[in-house]
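Peer 1: For reference, the chains in residue letters:
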Amino acid sequence: MKIDGMEYEFPEGMNVLQACESIGIHIPHFCYHPALKVVGSCRMCKVEVIQNERKRIDISCNVMVQDGLEIITDSAPVRTARRMTLEFLLANHPLDCPICDDAGECELQNYYLAYGRNDSRMREVKRHRRKATEIGPSIMLDGERCVLCSRCARFVEEITRTRELGIFGMGSSEELMVNPGASLDNDYAGNVVDLCPVGALTDKDFRFKRRVWFLQSVPSICQLCSRGCNVRIDYDINPFHEHKRNINMRTHRSEATRYARIQRIKPRVNSDVNGYWICDRGRYGYRSTDAADRLLKALVRGENGLEESDVTKALKQIASGVSSAVGKGADRVAIVVSPRLTNEELFAVHRLFRERLDMPSMDHRIPVDPDWYGDDLLRTPDPFPNRTTCEWLGIIPADRGFGITELPDAIASGKVNTLISILADPRDYLDETAIRKLKRRYYILRQMPDDLREFTDVALPAAAWGEYRGTFTNFNGRLQRLEAAFEPLGDARPVWRLMTDLAPLLKKPLGLKSFDDVFAALTHKISLFADFTWRNIGDEGVMAIRNRQEVTA
Amino acid sequence: MTDTPTASTKIADFVATLKPRYENPKAAMMPLLYEVQARKGFISPEAESEVAELLGVSETEVHEVVTFYPLLFKRPVGKYHIQFCHNISCSLVGAEPLIDLLQKELGVGPGEVTEDGLFSYQRAECLGCCADAPVMLVNEELFGRLTAEKVKSIIEQIRAGKKPENDTPLTDTDETDDPVLSVNFKIPNAASIKIAESRGAYKALRKAVREMEPQQILEEVKSAGLRGMGGAGFPAGLKWSFVPKDPSLPKYLCVNADESEPGTCKDREIMRRDPHRLIEGAIIAARAIGVETAYVYIRREFYEPGRILEGAIQEAYDAGYLGKNILGSGFNLDIFTHPGAGAYICGEETGLINSLEGKKGWPRIKPPFPAIKGVFDKPTIVNNVETLSNIPYIINNGVAAYRRRGTEKSPGTKLFGVSGHVKRPGIFELPMSFPLKELIYGVCGGIRNGHTLKAVIPGGSSVPVLKADEIDVKLDFEALQAAGTFLGSGGVIVMDDTVSMPWALEVLERFYAHESCGQCTPCREGVAWMYDILRRMNNGRGRKGDVDLLVDLADNIDGQTICPLGAAAAWPVQAMVRKFRDEFDQLCS
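Chains as they are written, first to last, in our numbering: chain A, 272 to 824; chain B, 38 to 626.
Check each hint, because a few of them may be wrong.
Unchecked claim - Here are the simulated DSS-like cross-link-like pairs (lysine-lysine), alpha carbons at most 30 Å apart as the crow flies:
#1 LYS63/B x LYS308/A
#2 LYS282/B x LYS308/A
#3 LYS402/A x LYS111/B
Note that these hints are calculated values from the structure, not bench results.
Work the whole structure out from these sequences, hints included.
Peer 2: This is how it looks when you write it as structure tokens:
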């Protein structure tokens, strides 16, 4: 078939809108969304269709590609149709763009620039609807900005099947609203903000926080369950954007960070992992990176209790403690590794403690929070992003070693007297008596809860999500990349770096100088990764095995 | 009524009787909501929850339906709820002063209830009784040909605890020498099966099931050239032929009895006066398409025609014309009536299908067409009442007999409903291609005394208006199209020299703005905008540029929407401004 005079071939079952997008011609639209049922109501995606020598204007979302079809995406009638649709949509629109959170990423604005630019001919009294209405714990609705595209209503009907939203009434007085008495409160509610093409649905978490044009983005992977949803970290680290005190812009801030860097999390489309969505846990679970209790300096127990220290001194302390413990048997040191570490971090830990120091007591199987649950949409039953690599590397007890479940007995009997807990609060798997009994308690942590200090001998600050690059392997064996958005705070650094710095102090240098070295060594170590380079993993990740679920089944 | 366990048990029983009628229990929503409304007077949020639970749907879906349809009451109404028509045909003959009078008599505004709880009223869009205008419904009873005295007297009688006298004359009617549809219109009690049968009812059905294969019926209707009488004029037999032949696939027939295009009041007369003709036509059509379940989607305001039709359907079951093994042929058919709720858009076939399924009457995008994917996603044919009522004659008398009337492309007859400023408004069956001038000045006796003709809307409110000097046209699909308008539904609205065209247009656009379903942007936003401009103009606040803006908006709504409502709202604007531009310009200087 022909589009704008050029011949193309498309697979059957594709609509003309998708076909045009696939060859780089953007068709403006509001109601169409590839994951939702086609309703064809916004009338924005019109193109000229020539079929059987007859020309008509039609909506491209509901015309299927077929032989002999000819499409004209840009012509005077098409531009008129789009301009008029915009004029109709804007007739009763409040035009409160200066205070609208969606300003800068609003399709009404974008399309008006492309197709509108007419003087308003609307001289009547504008229709009013409810403004700034809280329709759920995280979502605000401005009825006057709504273009009634019904994407959000279709989302809760077709995707979450929770149906909190409806379009009530009829004709020009109808409005989108939550059903009376209901609240838009489900685990995926935040997605309606991404779906909304205008500023009708806004995220309470982001409202009035930053102008979107101040944001920078990096692609990342959500670390809050084993699916590894593809996300984008939207951040702002330009000190000139810090808002003047007399401007009432809300932001979460802390003493440590002066102002928060991550502003919001948005899903990246990946049809093999998360489609178009992320869950609210992943959307709003970013605050730990800029939280007030971030560990920024190393801590070492001295004569006056726990004191700040430089990282090298703390590493030396650990090295000497580990050496003397190992002197009486390598199994006396237990290493607990959270499956939250990246592949590169897991690899460095494994290489040092298992391959070089031959320590058998190593485990990643910290208990799962009993409040965590999976569902049949995106959330998996495993709240850790990287258990797969833990299993592939073998971060489990070796012969004569102790696992997490055996640790309490091993500590009580004195068989284990040194603990290295990496990105895991020891209280998640040991009771306080056991922790007290340990002779040496070394932690690598991102956050340092105050009440953990008394159970600490050395604590090293680890880089938090957004501060490091690396890879995760999701529950399905998919290898995916995280990019760093910004530098780690304070003295924090990635765990792999702490390992390469610790290793020479234990007289076991790893010979890995940079992230690239660690990544390369990782791909040698895990044969399933042999074909992968940082570049060819790409933004969408690659399957390291064909399909893990298929393999186990 | 209180919510006693007994009451809810009963409503559960009611639901149980409804559910088997539909493939999806959600379709029982509308009858169930009416049942709730009948018991409690209105539909409360608690009642919505109860309905949601009974049907296994979400409360949001129920709330969407309840807020969409004007006849589902969200608040209590009076013991006597009055719906007064303010659409074009009624307004032409004085509805507005009567509504003012009613409001004064009752002392309440629209939607409010009198202190004694006795009355409430709402302005209604066309009640489908245009030849009897002005009309109002008091609960389920229609009062027509209203005057100030009559309105006062009806209110007084109700206040006095009496059943108000109803002297509304039976809608005036007449037929051509060679009628097809209205042969029984003047026969008393022709709605009873005995009388209908004595005049030949169900003879065609016998022939169709005993002597004809379904394909033969289809071919016969196709050759007869029967056109769709709901407005579009699509050939009925051709429409049927789009239905997949696969016998294992359930298929549906929907009889479109949602007659609500202002000016149109013909289907009502068929259902009131000769329902067995419609039923017989529907059975034969079902046989031709291979349908075993048919629904008559009937607008709620047709209380009396609905009751008569339901009675006739029951008689047809009792006589073995419906149900299992009809006339021993092995052919089964059930016909169920299904109520609308005051939304014009449900006359559009896909709006009707969605409404039937228990949803808002939002039209569907095509493709897929209903013949492939309609009710419950199964192949479905939606045919107008008048269309189906032609079928018994065609089967009985053959193609040649049917075609001796009308033209090659518009054969047969048409029921014309004439309203407005003629001496004799009524329903008249005339051969297709009958001269419009002859209809107005001959059949209808000309324009009311002392006045002259100004304009005619020949096919229901949406079709382009004809000026007095343009009425030398024949009433058939092709001739009217050549004259720049449409035959539409055959609702002829006649306006004399007293009528201000900007005023008439405001009345029409008020209707379309009210009836826009709200789905497509141009119609939802644009029609309300056009109405606002017209209202302002008529209130003496017109501005330069308004008329051009009006036409530009109409031009950009026309053809830009899922269903034809946008176009139906645009055509009157385009035609009236083009033909009576001076009147508009005068208001905008």
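Peer 1: Flag every earlier hint the structure violates by its number, smallest first.
Peer 2: Failing hints: none at all.
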